[in-house]
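**Q** Sequence:
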Amino acid sequence: MERLNEILHELGISKVKLAKYLGVSRQMIYNYLELDDINKWPKDKKVLLLNLLGIKSGEELKKIKVDTDYILSVESRINTLFENNEKMSVMTETNALYNGLSKQNKEVMHDIIEIMKEKLEDDKDQQSYYIFKYLYHFLQAMDTNKELKYMLGYVSKAAGFVKPEEFVFEEEDQFVFESILYTAMVLYENKESTSKTKIAEAHKRFVNQIEHKREEKMSRTLELNTYKVQALKELGYTEINEKNASEVLEKIAEIQSRKVTNE
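Residue numbers (the working numbering): 1 to 263.
Treat the hints with caution; some may be incorrect.
Ranges between beta-carbon positions, derived for each pair [stated by the list, open to error]: (1) Lys196 to Arg77: 42 to 50 Å; (2) Glu223 to Lys65: 56 to 64 Å; (3) Met142 to Lys198: 25 to 33 Å.
By construction, these hints were calculated from the structure, which means they are not laboratory data.
Heads up, the beta-carbon is just placed ideally off N, CA and C, and yes, glycines get one too.
Please build the complete structure, drawing on both the sequences and the hints.
**A** Next comes the structure, spelled out in structure tokens:
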């Protein structure tokens with residue numbers, strides 16, 4: 001059963017997703033996976049799992065090689081089964097969160113939420129909390145840093161979920177980024193043979209760059225707050241609200257232009 005757990009992990013099939021596929025609770029999945037032999041599973045569930053993995057018996061688990069083609073074939077079988085399942089009915093009929101999204105977007109959003117819920121529920125040391133907190137920051141930063149999209153593509157390819165020659169963003173830039181990131185990952189994997197001094201120096205430059213950016217951001221925030229206070233004072237207001245927001249913003253822009261002119 002250890003090999004089965006490894007295969008499911010390599011395929012990226014969560015306990016939640018497997019539970020939906022087999023039509024059982026997540027706790028039942030845990031119970032099944034604790035058994036020492038797949039032949040001890042209920043016959044109908046065993047047959048479903050074997051069909052999903054594309055094998056005829058539990059003995060063939062050891063022969064499975066999880067590569068890109070295998071991952072795509074398993075994903076195809078799962079998606080075919082889920083195409084008209086209850087999940088889509090629930091999303092479209094009872095959950096306003098999915099309103100306005102296409103079927104494809106609903107499915108990917110649902111899968112993300114399910115795996116987040118599963119990992120947060122099982123979180124014992126808050127690692128999942130920080131993972132998803134950083135993921136939230138990652139998604140926020142994508143609006144100003146297109147390279148983060150390429151990073152997602154690299155991870156998806158490196159994990160075997162999509163083919164390495166798939167380029168869905170700016171192909172030339174994505175190609176260059178993936179090549180450089182691959183080189184960096186090779187260096188990381190061989191970190192024991194890399195100069196500790198050079199690594200420390202590189203990290204120090206990284207820290208200095210980030211601290212500089214944070215200082216700039218704080219400076220801009222304080223400066224903007226100063227302009228806001230001055231604008232409110234000149235207009236005779238005590239706060240920004242829905243009625244005066246446009247007027248206050250125009251006054252802030254005017255104050256900023258005065259400073260540029262004076263300089």
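**Q** May I ask you to test the hint 25 to 33 Å on the CB atoms belonging to Met142 and Lys198?
**A** holds (30 Å)
**Q** Tell me if the beta carbons of Glu223 and Lys65 are separated by a distance inside 56 to 64 Å.
**A** holds (58 Å)
**Q** Between the beta carbons of Lys196 and Arg77, is the distance compatible with 42 to 50 Å?
**A** With a Cβ separation near 48 Å, Lys196 and Arg77 satisfy 42 to 50 Å, so the hint holds.
Every hint from the earlier list agrees with this structure, and none is contradicted.
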